[in-house]
Every structure is written in structure tokens, then in C-alpha cells.
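Chemist: So the chains spell out like this:
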Amino acid sequence: MNNIPLVHFLYLAGILFGIGMFGVLARKNAISVLMGIELMLNAVNINFLAFARYWNWNSLTGPVFVVFVITIAAAEAAVALAIIISIYRHLRTANVDDAHYLRG
Amino acid sequence: MENMIFYVIAGITVASALMALTVRNLFHCALFLAMAMFGISGVFLYLNSDFLASVQVLIYVGAVTVIIIFGISLTRNMMDERSKAMNHQFLFSIVVALLLSAVIIAAIQESPFVGAEHPMSLMLSSTTGDASQQLAANIASPDHPFQGGVAYLAGALLRPENGFAFAFEFVSILLLSALVGAIVIARKDPA
Amino acid sequence: MIQYSWLIPTLPALAYVLITIFTKRFKNISAAISILTMASCFALAVGILFELLKMDPASRSVTFGTTWLQIAPWQANVGVLIDPLSANMLLVVTFISLLVQIYSLGYMHDDERFSTYYSYLSLFTASMLLLVVSNNYLQIFVGWELVGLCSYLLIGFWYFKPEAANAAKKAFVVNRIGDMGFLMGVVTIGMVFQTFDFAQVKDLVAQGLANHTLASGYVAGIAILLFCGAVGKSAQFPLHVWLPDAMEGPTPVSALIHAATMVAAGVFMVARTYNLFSADPLSMTVVAYIGGFTAIFAASIALAQDDIKRILAYSTLSQLGYMIMSLGVGGYTSGMFHLTTHACFKALLFLGSGSVIHALHEQDIWKMGGLSKKMKITTITFAIGTLAIAGIPPFAGFFSKDAILDAVKDSTIWHHEILYYAAVFTAFLTAFYMFRLFFVVFTGEARDHHSFDHAHESPFTMCLPLVLLAGLSICVGWLNWPGVDAYSKFVYYGDLHLEGGASNFVQLLTQSWLSIVVAVAGITLSAMFYYWRIFSAEKMAVTFRPIYLLLKNKYYFDEFYGWIVKTFLFGLATILKWFDDEVVDDGMVDGSGWVARKMGGLLSLTQTGYVQNYALVVFGAVAVIFLLVSF
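Protein chains in written order, with this note's numbering: chain R, 1 to 104; chain B, 105 to 295; chain W, 296 to 926.
Next up, chain R with everything else stripped away, as it sits in the complex (with noise of 0.2 Å):
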């Protein structure tokens, strides 16, 4: 056992959430996109598996919506990659910019 803080841990998390959404939020590419949201799941897991580790040993709950979280963020990348795949081939760019039909 290490003596590390709980809140060191969180802080990390929170970093890595901050990070994550700044990606999902300024990069043009889609695929760079895709990487901000995987990295803001990742950050969330890091809580996940704090909270069990100092809280409440006996109760796996934590680090089985880790799993959980892991599988649907492989099925989310697997479908994500699939669209913006669709949508370079109707646009020729993988640009979020460039899809904007619903602008009002």
C-alpha cells in the first residue's frame, strides 16, 4: 500500500478531463476529436478506481463500471471512426467544420 492521497488522484483526473474537453472542443479534425473524448473517459475510469480503492473495498462497483466504460468506449471509437470514415468519403475532408448542414 501506498500512502498517496486520494485527491492526488483527483486532481489527475480533473487535469486530464480539462485536457480532454480542450481537445473536443478546438480541434478541427475529427479524429483528434475522437482522441479528447477518449482521453476524458480515461479520466473519468481514474475516479472510478480511486474512490474504490480508498472508500469501499468490499463493493467491486468501481472497477466494474471501468469495464464497462472501457467496452463502450471501444464500440463508441469502432462506430465513431466508421462515421467520420462515411463522411470523408461524401466530403472529402474529415473536417468537423465542414459538416454543418444544420446550420440554421
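Calculated from the structure, these hints are not laboratory results. What you were told as hints is all true, and nothing was included just to trick you.
Below, simulated DMTMM-like cross-link-like pairs (lysine to aspartate or glutamate); rule was C-alpha separation at most 20 Å, straight line:
no., chain 1, residue 1, chain 2, residue 2
1, W, Lys669, W, Glu740
2, B, Lys188, R, Asp97
3, W, Lys662, W, Asp743
4, W, Lys671, W, Asp748
5, B, Lys188, R, Asp98
6, W, Lys893, W, Asp880
Here the structure is a predicted model, which is why all the values come from computation and not from measurement.
Use these hints to put chains B and W onto chain R, whose structure you have.
Modeler: Just chains B and W, lined up with the frame of chain R:
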């Protein structure tokens, strides 16, 4: 020493995450993302989750990053080296991201977790009798190490009495449909 | 018997429902239902009359009813008020309706919509009876409007004829103008007195006038509003234009409208609300002068008309003018008496003209002539009716018309002598134009031999009502045989007083020498023109061509109203159309659309179509909400 390594890993993770989302070359981005994922798996080790750490490496570094690199390769000819990596709301994004991170960090600092290695001890001090004994039994300690092993995790997932068995099976169907959906979407002309 | 009086309007209404729903395909059953219900209503009316006669004269008024709906502080009741006035009207309405329905068996037997016709007749009579038995202003208004509706349906019964459809519309619209005033009057009563009940309003008015909390001018205002309705329904000047056009309906319907179910409603309503009218001389004067003017005005028009039914229509206008005038000068009994006698002889005249029309399929009197050789019963009965309306003793019209002249002569209203001479002159005109009609149609040589050869006496179902009505046209007046005065002792307003009346028949004749002289003079003059042909009507028409044209064209009232409608209504419509086009359409409708589009355009700026924009807003909002919640 053990702690120092954690902070180094954390620093590398944050740095490579930043790089992954700011570098203009997408290929480099993917490699930095793989690096960040490695770092996160290291953090998982510090949380006594050996199995999940290896899963992290397998899935993110092995699978997701590879898929992303595939995606990059497939849309490669559009990667105009001179085009900007960021969109027009780049500055606002920095502001919002910093603001939200600041809010999160501030929230953590306001919380009772600060200064407590084991937050449960906070609750122990405020409870008495049987309830406090029960709580004490739940706190991870050298006598009761955190059950991060794969056997426990498998039990948690698959024992019906834990209630996750159905969700676990359901997720497999989700994965299957995502697989099919991805193929359908990405297929060339659906003749 | 009186406790069953609510059945009187209910039975014909039931007949209407039965015919409409069940027996439309079976002509005879429909007619039988309608006639049988009407006969039972007549029987009930007779029973009610006898029961009233048995009662003490001072307390001959029975009312009962139930709550229809309650909107505090108002309570709308539906109920029955049986007194001599309504008993009289019930008898007239049910009897005339019964005879008209029997007559229609013959007159309408070839019509395709025979059952519908009978259902309308039933509904028409039911509405009129509802109005007559009503014990409150609201119910009388309901009946009033239903009568208007039924008149529309029946005048426009042959709706495929454009004239009939137009006449029906005209009747409805003109009535609507009067009804507006009536409705305003009823609403005012509701607001002022908080009740619609006749008896309660009567008491409140009497109290208010006695302790000076209610100005009599105010009551006069209400009365004049109500009178607007009577002007429309009883076709008084200036809303008289619909009645002559109503001739487009089937002739029995004309008889019904003119004698019993429609135009009598106005007169009846004035009599029913007489306490409001008599509260102030102003309302009485208005009523009297409108009636008097209508009488002479319509009689003059009748001089120059060629259509047999139109002549009768104008004579109805004129006689209604008599009744209204009589009520206006305080001759309550004589007005109602004239209504009763007029119902008999006018129904007779209309049914007689219907018999002629049925025989010839022709309405222009100048294409008739010499019909007395072919149609004995029709001729004799028509002659009786003509004598009655001309006011020759001892026929019914003499008694009632003379009573009206007496009432006018004795009245105290403003310049009653003008009214008196107008009424006397009207009596002369009436005798003249009615005998003109009679001589031209029934005497002399046939003018159109083709239709004359086809002429035949009408079937039994049509002759029976004629004979019955002819008998009544002779006898009804005898109810007020001098010295007997049965009618005057039955129907009166306030306290009974029989003054100035003759005590025997000879005395009556000597007292009313003037009206007899003018009637005989009218008949003689008419005979000189149209029977002996001493004078030529054609030459007269040429000599006095402007006057002739004025009368022939009914003083150009239709054209005048048409001009008013064109000028003012269309002018108003043009202004409103401009308002609609420019302000409502361009300004408000297009404007609201413009505002919505511009707002949408403004808001659509937020819909950038950039996914990351949305995400930015979402995360920014989360941060802001966090901050707001924590501080």
C-alpha cells in the same frame, strides 16, 4: 520512492495528453495518445488494479490507438500540413476548459477528501457502535487489502447475486451491434 | 285542463321530431301525425278557454314553470302563463294551423317534400305556441327566433326558385334587424330588473313608477326596443319589405304567416308587455303612429298591385297597422279583437287565393276573371272574406275595425285626430282595393281562356277550411255584439270598463255611420271601375302616371333599401376591406409572420451547425451552473 514514481508517471501522462491534443501532425497525436494511455495504466497500478491496468494497455494502446491510426491513414490525403489544427473557437475552448478544470479542482479542495488518506476514517469519527465497526471492516488496510484481483472482478461481474451479470451480457450485445453498425456505416456504396 | 297546457307547444314539436326522424318516407302518416297533434292542441285550447271562463274574472291568470338554467343573479325559467290573452291566441293559432294543415293536404299533395313541409308546419306552429304560452321574456325570445327560422324554411320551401330563396333570405335578414332591438330590450330588462318573469317585471315596474325610483322614460326606452322586434315580426314600416316577398312560399304558408303564426307574434308581444308600453305616452305615441302610418301606407300600395297574393299581403300590412295603432292608442281589447277576426278572414282570403292559384296556376289578376262561374264555393267564401275585411256589417271585420276607430277617436295621445282620419281613409282604401281584387278575379269575362278552361273547383280538403273560415268570418265579430260584449269582458288590460259602447245593434250602426259610409263608398267606386266599367282604370293610370308608378313600385322602398345597402354598407365594407387589407392583413398578419421570421432568423444564428459550438456552450453552461450553485 514509490510516491515519486507516481508523480513522474502522472506528469508524463498529463504532458503527453497535452501534446496529443495540440500537435498538428495527427500521426504524432496518436502516438502521444498511446503514451498517455500507458501512463494511465500506470496510475491504475497505483490503484491496485493490475488487471484493469493490463486491459487498459491492451485495449487503448493496442486496439483504440491502432484503430485511430487506421482512420488517420484512411483519410490521409486530406491531411493538409499547412491547415490549422485548431478551429475558430480555439480561445473560447481554452477559457471553458480552464474554467471547468478550475471548478473541478476547487470542488475537490472544498471536499472532505482533502488531507485524508482514507476518507472512510472521516466517517468513522462521526459514527459509533455497530455501524462504525461495519464501516471499519470496509476500509482497505494491510489486513484487508484492496481486492483488485481478476478473480474478484470476474466474480463481481458474473455472479448473479451482484446484479451485474445481465448488464455484462447486454454489453456484449452492444459491442456486437456496434461492430455491425460500424461496418454498415463505413461500407462503400450500399448497392 | 290548464295543467296540461304545457302540452300545447310540446305536441307539435314532438310531431316535428317524429316526422323528421321516422316518417319522412310515408306522406300520409306524416300528414296524419301533424294534423292529429294540431287537432289535439286545438281541443286543449278549447278546454283551457272553458276552464278560464269558469274562473273568477279577476283571477284569470295561471302560471307555472320550472328552472331552465341559473346564472346568478339571473334565473332563466321555462314556463306557461295562461290568461285570457294567451288563451285567445292559443285558440286562434291552433285553429288556423289546423285548417291550414287540412287545406295543405289538397294544395301540396303533389309536392315531393310533402312530409318535410308538414314537419316545418308543425315546428312553425310549435314555435308560435311556445311564444304564446311563455311566462317570461327569455322564452318569448326563444319562440320568437324559432318562428323566424321556420318562416325562413317555409318561405324558401321551394328553394330551387331563386325568388323564393331570396325572399326567405330577405325575411330572415329584415327580421334580424328588428330582433336585434328585441334582444337588446330583453337584455336591458334582465339587467335592470334581474328577472325575466312577466309578472315580476310588471310588479317591479309598477313599484318603481309608484315610488319614483324608475323614470317612465326609461321604461319607454325598453318598450321601444321591444317594439323594434314587433316592427320586424309584424312587418310594420320601415321593416315591412319582407312580408310581400314572403309570397314566394306555398300559399297555405302565407295564410299561416299572415293569419296566425308569424305577424301576429309582434302584436301579441306588444299586448303581452303592455304594462311597459303604457308606462309612458312616448312609447304609446311611437307605437300608434307607426301603426297608423303603416296602415295607410300599405293600403295605398295595395291599390296598384297586380299579383293576387301581393294585394293580400299589403292588406295584411295595413290591417296589422290597425292592430298596432289600436294598441298604441290604448285600445288593447280592440287590437286583440281585430287580430282574432283578421286571423279568420285573412286566412280565408289567402286560402281562397290559394284555391284560385291551384286552379289556374296563375297569380296575375289580369289573367283571371269570371271565375265565379267555375268555382262557386271559392267565390262565395272569398266574397265573405272581402266583405269582412272591408268592414261591412254584420261581418266580423266591421265590429273589430269599428272598435279600433272608436278607440282612436277617444284616445288622448298627441294629435289623435290625424290618426283617426288616416284610419278612416285606410278603411276606404281597403274596401276599394279588396273589391277591385274581387271584381277582377271573379266577375266579368275570362281574360285567359286557356287557363280558364282548365279551372275547376278545389278538392274537399281545400273547400272545408274555406267554408269553416267563411262561417267564422261572419260570426266571430258577434262575440262583441253590442250589449253582449263577450270578448271585451274576456280580454282586457287593467280594469274592465265598457264605456261609449252601443247598447244594441241599431245604435252601433248609427254611431259608426262614417266607417260604413266609407266602406260602401269604396266598394261603389271599385264597382264603377272594375264591375260596371263606368270609369277606366287604365286611363286613370295614364293620367296619374307618376302616382301610379310610385304605388306600383311600392314607393321604391326596395330600391331605397338597396341603395342604402349599396352606398352605406358597401361603403363601410370598402373601408373595412381597406382596413383588413392594409392593417389586418399587411400589418398584423404579415407583421406577425415577419416578426416570427425575424425572431427565427435571429435565433437561428445560434444554430451554427458546428457541433463543437454546441459542445462549447454545454460545457461552458456546466461551469457557469457549478459556479452559480456553489456561490
